[in-house]
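Protein chains in written order, with the working numbering: chain U, 23 to 558; chain B, 11 to 322; chain E, 898 to 1187.
Heads up, a few of these hints could be off.
Have a look at the derived ranges for each label pair, beta carbon to beta carbon [as the list claims (entries may be wrong)]:
no.: 1; chain 1: E; residue 1: Leu1167; chain 2: B; residue 2: Ile304; range: 54 to 60 Å
no.: 2; chain 1: U; residue 1: Asp526; chain 2: B; residue 2: Ile44; range: 44 to 50 Å
no.: 3; chain 1: B; residue 1: Glu215; chain 2: E; residue 2: Glu955; range: 32 to 38 Å
no.: 4; chain 1: U; residue 1: Asn483; chain 2: B; residue 2: Pro179; range: 32 to 38 Å
Covered stretches of chain E (in silico footprint by chain U; criterion: 3 or more residues with CB under 8 Å from a CB of chain U, positions within the stretch not fixed) [to be verified]:
no.: 5; region: 1023-1031
no.: 6; region: 1048-1055
Calculated lysine to aspartate or glutamate pairs in the EDC-like style (CA-CA distance at most 16 Å, straight line) [said to hold, decoys possible]:
no.: 7; chain 1: E; residue 1: Lys905; chain 2: B; residue 2: Asp178
no.: 8; chain 1: U; residue 1: Lys521; chain 2: B; residue 2: Glu121
no.: 9; chain 1: E; residue 1: Lys1028; chain 2: U; residue 2: Asp121
no.: 10; chain 1: B; residue 1: Lys28; chain 2: E; residue 2: Asp908
no.: 11; chain 1: B; residue 1: Lys128; chain 2: E; residue 2: Asp999
no.: 12; chain 1: U; residue 1: Lys301; chain 2: B; residue 2: Asp178
no.: 13; chain 1: U; residue 1: Lys284; chain 2: U; residue 2: Glu524
no.: 14; chain 1: B; residue 1: Lys83; chain 2: U; residue 2: Glu500
no.: 15; chain 1: B; residue 1: Lys28; chain 2: E; residue 2: Glu1069
no.: 16; chain 1: B; residue 1: Lys28; chain 2: E; residue 2: Asp963
The hints are simulated quantities; they were obtained by calculation from the structure and are not laboratory data.
Idealized CB from N, CA, C, for every residue including glycine.
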Amino acid sequence: MRKRLFVVLFLSLLLVAGSSVASLAADPGFVDGRFTTTRKITVEIYDRSNPGGSPPEDNFFTDFIKKGMLEKYNVEVEYVPVPRWTEVEVINNLLAAGDAPDVCVTYSYPTIQTYANMGGVLDLAPYLEEYKDLLPNLFDLLGDTNIYWNQDPHTGTIWAVEALLFQNKKINTFVREDWLKKLGLDEPRTLEEFEDMLRAFRDNAELLLGADADKMIPYSTSFDVGWRNDHLIQSFVPNDMSDRDMWVYGFDDRHLLWPNYKEGVRKLNQWYNEGLIWKDFPLYGAGDRTEDNLIKAGYVGSFMHNWDYPYRDGQEGIHVQLQNMVGEDAVFIAVECFPNDAGIYRKYLSAPVDRKVFFPATNKEPLASLLYLDFISSLEVRRFLQIGEEGVHHIVHEDGAIEMLPVVGEKIMNSPSNIDYTITINGLDLGDPVLTARSVALNYPGVDARFIERAYEITSNEARYGINAQVGEIKAQEGMDTALAEKRNNLLAQAIVAKVEEFDAVWDRGFNDYLRSGGQAIIDERAQKYDAMYGN
Amino acid sequence: MKSTLAVNRKRITTYLRKYWSLYLMLSIPIAYFIIFRYVPMTYIQIAFKRYSIVQSPWEMPWADNNGFEYFIKAFRNLDFLYALRNTLLLNVLDLVIGFPAPIILALLLNELTFPRFKRFTQSVAYLPHFLSWIIIAGLAKQLFAPTSGLVNIALNRLGFESIPFLNDPTHWVFTYVFLGIWRNVGWNTIIYLAALTNINPELYEASAIDGANRWQNIWYITLPGLRPTIFTLLILSLGHILSSEFDRPYALTNPLVNSVSNVISIFVYRYGIRGLQFSLTTAVGLFQSVVCVIFLVAANALAKRFGERGIW
Amino acid sequence: MVKSKRTKAGDLVIVLVCILLIMVCLLPMLNVLARSLSSTEAIIRNEVLLWPKGLNIEAYRFVLTDSKYTWSLAWTAILTVICVFVSMTMTILCAYPLIYRDLKGRRFFNTMILFTMYFSAGTIPHYLLYKDLGLLNHPLVLIIPNSLSVFYMIIMRTFFYSIPDSLRESAEIDGAGPVRILFSIYLPLSKPVLATLSLFYAVGRWNGFSDALMYMNNRHYHPIQLLLYNILNAVTSIEIQTQEGFASAPGLSDTIQAATVMFATVPILLVYPWLQKYFISGATLGALKD
């Protein structure tokens, strides 16, 4: 009796050991590039609820992807819609309930790190290692750079893969071409010339605006000072800033802590006190249309914004509306006028990373999920997702350039270039860079190509890109993103509107608060880990 | 002995025969409270635990310092202390200025003799209540912005300087309270107006015979008639002294006034919802609740001193 | 109202105050209404004050001709009516038994109920609860979880208190049970508070959308406020603007923003005057003479 028990125990132990060994080997259900039984995965998809949009989980493009995945890999894909503006809260709910989709996307890496620390994220490293040969498109598109971007050097874990930021464009400085002509001014090429231009706008308000002279706004900005004054402030940053400093002090996404940032803001403070900046700028939050309306009405002489901001939105955009309101000549052009201390028009662009793709720990089909990523990274599939059907979503010019058409109805793209579906790439990529550049220029209805080409070129001219320092987790950064970003915005706005003689006091107070509330701790940890990894 | 037992049993049966229907009626709401309020409440224990999104609260490990780590963390955080101060400041102002306003308005409306005008005023007075705070903030900026606000433009034309309604902390506080009153005063009169209908009209008839004037009517008849309602609402308002709504400060704030506009709800939003620090924010919420309950009990006891019923 | 000695000056002051109040409350609404009917150019130039400029009914056409919105309007109306019935029933069932002073366990119930007003634990535990109950994405999740407000229950109870005990006692002597008393005495005499609370519950449900946002994935059951919130939000998130580098939802004008406010307020505004007739004077209390 005892002996039989022993045998049974031994055999069952063997069975258990055998099955666990089996799970580490390649998925036996995957034969000849397909699964033998149909696997199911769920993928997160943003629901923007845009008027006239199609249901994000069930439309022309999801049908295309589902069909492709089923035919190629025998994988059934189901989309889980998540409202775009409550994305974090909804994902929290889903994770807590164990219902999170198999493939999730987010813009914030610290969020993923937090989830990972709680045990909620799947480590991708072993799977990427194991299945590398099955994922040629993914590795082709993202390269080892983006795939291993977030790998922890000590533990080797990869919590998320970085999508590729293909069209890496950021900010541009725009001025009213017609006002320059009217005042006989050349395009500004230096800071002094830009300042003189602003003063000229202010002093010639009656000439430029007639009866509306009191509404003159030489330079406009918004509460997001760091973003909207990027070229100016960052021209004060020393050209020879080391990679180390750039990274250690660069965790704030407006780079508040970079050397000499303060002087850039001081310049804005001077302008504000001279009456050159729109006085109401801190009052209006994100998405408020007041500033846009002032620009469209023709009262604003210059501003800095996203690289193509005035040219977007076709009929509703600034370019067309301004021409409607004021006249044919009233246009904004992009200018390059803030050289740094080495005389270079340096632009600081993001590292080529975009969204982060991660798999929650509840993901039972890591291979199928990775194959999904591979599928949508193949040039053929993502081209189709980005430009759609010929004749319906786009027309092809003689030289091969693609011009997008406005689509309504069930084949509509819910997001520009279907970015919500192409989660591994951000930005149009037709495979040929020249063709792509030409196509980008074509896609601004109502705007002459010369403006786009100029803006396109200037915004990434003399670019210095963000770098990656693989030092593992920065604990001090956990959960601090939003709070520190708010402090930064408050500091910058308050510093600009302060009286000139109070600027230093206001700056120091806000800056020290930033450091004391966690900024310093992050700097210290980053510096220590960087030096440990790369030496000093 | 035996007779007392029998008497007791009879008492119990008569009691139950009389009141069984009441218990039946209560059972549904009580079941509701247990399922929908008390069951989720077990989550509050994460205030004392190290949060993990994949574990149930019972499984999570205890936090340091006997579970009080997050309370300590909150009170060490300067932002939280400012949020606490601002919440109290704004709520107290709201109470002191905003509580009497609907009562006064209800009394005023009550004095109107033209019924159509009265009804019209009533209906218009509560229109602002239906505007969301985002819309109200937009309207406020249109009116009060330093250079493009209509009020300031008018002031400038008359030769006065712009008033920084929204961009100076002190002014902002009063704008904040004023907008709150504007939005809610009409709506809050509804309860008082409904309460006024309960006052026996014969009392007014009697006082007319005695030759009382308007103010005497208000003081001796109307206000005492409203007393229970006023006290109930006052107790409930005091019980919310540390609670913090989110929409109003979030819509009205801007980077220049954060020293007064950062209230507890915004702190929780930043650190908890966006920062995923659930334990911290649950601890803060728990602290708020405890303080509110203390105020509630105190207010209730005080009301009983005044001879009112209280809400217990 | 019964007349008493009045001073002409006092009347005048009161009327003036009311007129001021009307202006302060009405003018902003007129501004929003005007903007919802104005052309985009006029709005850009900030020319719209109280009267529409460049008549433009695009926004209303946009919402009223899209079946998604008209269905949602109808659904929200149905939902609101259902919720009012459910909530009022729950509130009465809760408030009425608690006025009996000799009800055993009354203090316990009072405390237990009040406690829930102050202690709550956020979205995640509610999400998990609804999931376990199978309420997620079911229309009931918009009806049941918020059906009973302690605050309103207390108000109703306070009103019930003001009805003299003598009425109840005489009915008890006649042999009526609590249920009979509720229907024959308390409810008829409480019309003002019933109307008031019905209005409060109705407005709360009509304007509320955060529960649908979190717990209702099925777009068919989204209340109108959620649809409008989504339109407005399409451009307000800063992350969307900077991270994604494009403005979502082009073509949405300020007119639509203003029109959404109209959609929020007009339907529910129609309810109040209809309920006003229940706020009759206390003539009914005249029957209370012993």
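Right, here's what the structure says about each hint:
{"no.": "1", "hint": "E:Leu1167 with B:Ile304: 54 to 60 Å", "verdict": "violated (43 Å)"}
{"no.": "2", "hint": "U:Asp526 with B:Ile44: 44 to 50 Å", "verdict": "violated (60 Å)"}
{"no.": "3", "hint": "B:Glu215 with E:Glu955: 32 to 38 Å", "verdict": "violated (58 Å)"}
{"no.": "4", "hint": "U:Asn483 with B:Pro179: 32 to 38 Å", "verdict": "violated (42 Å)"}
{"no.": "5", "hint": "1023-1031", "verdict": "holds (count 3)"}
{"no.": "6", "hint": "1048-1055", "verdict": "violated (count 0)"}
{"no.": "7", "hint": "E:Lys905 with B:Asp178", "verdict": "violated (42 Å)"}
{"no.": "8", "hint": "U:Lys521 with B:Glu121", "verdict": "violated (52 Å)"}
{"no.": "9", "hint": "E:Lys1028 with U:Asp121", "verdict": "holds (10 Å)"}
{"no.": "10", "hint": "B:Lys28 with E:Asp908", "verdict": "violated (53 Å)"}
{"no.": "11", "hint": "B:Lys128 with E:Asp999", "verdict": "violated (42 Å)"}
{"no.": "12", "hint": "U:Lys301 with B:Asp178", "verdict": "holds (13 Å)"}
{"no.": "13", "hint": "U:Lys284 with U:Glu524", "verdict": "holds (14 Å)"}
{"no.": "14", "hint": "B:Lys83 with U:Glu500", "verdict": "holds (14 Å)"}
{"no.": "15", "hint": "B:Lys28 with E:Glu1069", "verdict": "holds (10 Å)"}
{"no.": "16", "hint": "B:Lys28 with E:Asp963", "verdict": "violated (57 Å)"}
Hint violations for this structure: numbers 1, 2, 3, 4, 6, 7, 8, 10, 11, 16, all remaining hints satisfied.
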